[in-house]
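Every letter in the sequence shown is one number past the one before it in the working numbering, and letter 184, counting from 1, is 184.
Since the hints were derived computationally from the structure, they do not count as laboratory data.
Don't take every hint at face value.
[Claimed, not checked] Derived SDA-like pairs: lysine to any residue, alpha-carbon spacing no greater than 20 Å straight-line: (1) Lys-311 to Leu-250; (2) Lys-258 to Val-310; (3) Lys-81 to Lys-258; (4) Lys-265 to Gly-112; (5) Lys-174 to Leu-250; (6) Lys-82 to Pro-232; (7) Lys-212 to Lys-265; (8) Lys-183 to Lys-212; (9) Lys-82 to Asp-282.
[Said to hold, decoys possible] Label pairs and their calculated CB-CB ranges: (10) Ala-204 to Gln-247: 46 to 54 Å; (11) Asp-186 to Ser-307: 14 to 22 Å; (12) Asp-318 to Lys-95: 40 to 48 Å; (13) Lys-212 to Glu-91: 39 to 47 Å; (14) Arg-96 to Gln-247: 41 to 49 Å; (15) Asp-186 to Asp-156: 34 to 42 Å; (16) Thr-336 to Leu-182: 45 to 53 Å; (17) Val-251 to Lys-212: 16 to 24 Å; (18) Thr-336 to Ala-246: 42 to 50 Å.
Because the structure is a prediction, the values reported are computed rather than measured.
Glycine included, every Cβ here is placed at the ideal spot set by N, Cα and C.
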Amino acid sequence: MGLDLCYRCRTGSGQFRPGVLDHECRAAAEYPGYVRRDFDHRRSGDYLRYEFQGPLSLVVPLDGEGGVAMALAAAPRTSGKKLVVVNLTREFTLKRERITALDGISLEVREGEFVTILGPSGCGKSTLLRIIAGLAEASSGQVYKDGRLIQGPGPDRGMVFQSYTLFPWLTVRKNIEFGLTLKGIDAARRRQIVDHYLDIIGLAAFADAFPKNLSGGMKQRVAIARALANDPDILLMDEPFGALDAQTRLVMQELLLKVWEETRKTILFVTHDVEEAVFLGDTVYVMTARPGRLKARIPVPLARPRSFEVKNSRPFLDLKSRILEQIREESLKAATMMPGGCG
């Protein structure tokens, strides 16, 4: 996940006091000296901000009677699920007005599942990820991982942001091994782990390069490798390819699928791109315009492994078209609301 240093210290200069970036200070009490408030960042919530396997999947509505939300709220079934979100709500006050960013979100994620989350700007997608990461607090509801209630950040959840969040004064190798150093892993084992992920992301030749010498796509590869090197149970990805050009974005999508095929990590991936969501995901969740609710859960019945060619197949295009209809409806609603959003 994105890491920063506490008290604005730099690695290798003075006291070694690294820390995780914590916008809401939720981890400060649990990890004193290792976590700091991000003074330059607004508080979260201050602003709204080819083979085809069987028939096309049905869109499963999640709101209204009989929805997943009602069933989970009544009795959370965490057994056998990697992640269970139960009736999650997030509210805050903006200019004396009470705003609901998330309203009654409930979902389940299986071990090793690749889940993509779509929705219009400001529907709360990023807020949902931050709550799961333990970096933001829900107003009500619960999040369970492996049957245990999540109450704050932890190394079992890694996060990759749209911004690259690399330390500019550290080499590629040192950036990837940063979290391993914090965990006290010896140098030989660190080198072994870093070499493994450098090979996976195709940057072994750039191990000693600094971020300023890398392209945007290369920087994001390093950010992904750094998150994976810490061996989290769940990888949370908040529009990680959103700032990349179309060609680099496609390369990164294929690289991520390659990494996922090898590691089988559980992934929650937020995106605005319908094609990206279908190409990557086992399941696509569509969110409504604010207040963010789950509009539909859509299984993606496309065979794996997937390559670029599947994007031109009729099943892919049909599913993409149906999801676009869902998104367009919510985007039109969002366009009538005040600007800004909660991700």
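Does the structure keep Lys-82 and Asp-282 at a Cα separation of 20 Å or less? Distance of about 15 Å is within 20 Å: holds.
Quick one, are Lys-174 and Leu-250 close enough, alpha carbons at most 20 Å? violated, 27 Å
Look at the Cβ atoms of Asp-186 and Asp-156 and judge whether their distance stays inside 34 to 42 Å. The hinted range 34 to 42 Å is violated for Asp-186 and Asp-156, with Cβ atoms some 22 Å apart.
Is the Cα-Cα distance between Lys-183 and Lys-212 20 Å or less? violated, 27 Å
Quickly compare the C-alpha distance for Lys-82 and Pro-232 to 20 Å and report which way the hint goes. With a Cα-Cα distance of about 12 Å, the restraint between Lys-82 and Pro-232 holds, given a limit of 20 Å.
Given the hint that Lys-258 pairs with Val-310, test it: the Cα-Cα distance must not exceed 20 Å. The hint holds at about 15 Å.
Range hint compliance [Cβ, Ala-204 to Gln-247, 46 to 54 Å]: Violated, since Ala-204 and Gln-247 (Cβ atoms, about 22 Å apart) do not stay within the stated range.
Does Lys-311 pair with Leu-250 here, judged by a C-alpha cut-off of 20 Å? holds, 11 Å
Range hint compliance [Cβ, Asp-318 to Lys-95, 40 to 48 Å]: holds, 44 Å
Given pair status - Gly-112, Lys-265, alpha carbons within 20 Å: Holds: Lys-265 and Gly-112 sit about 5 Å apart, inside 20 Å.
So the hint says 42 to 50 Å: do the beta-carbon atoms of Thr-336 and Ala-246 match that? The hinted range 42 to 50 Å is violated for Thr-336 and Ala-246, with Cβ atoms some 29 Å apart.
Assessment of proposed distance window 41 to 49 Å (beta carbons of Arg-96, Gln-247): Taking Cβ atoms as reference, Arg-96 and Gln-247 lie about 46 Å apart, which means the hint holds.
Hints 3, 5, 7, 8, 10, 11, 15, 18 from the list above are not met by this structure, while the remaining hints are.
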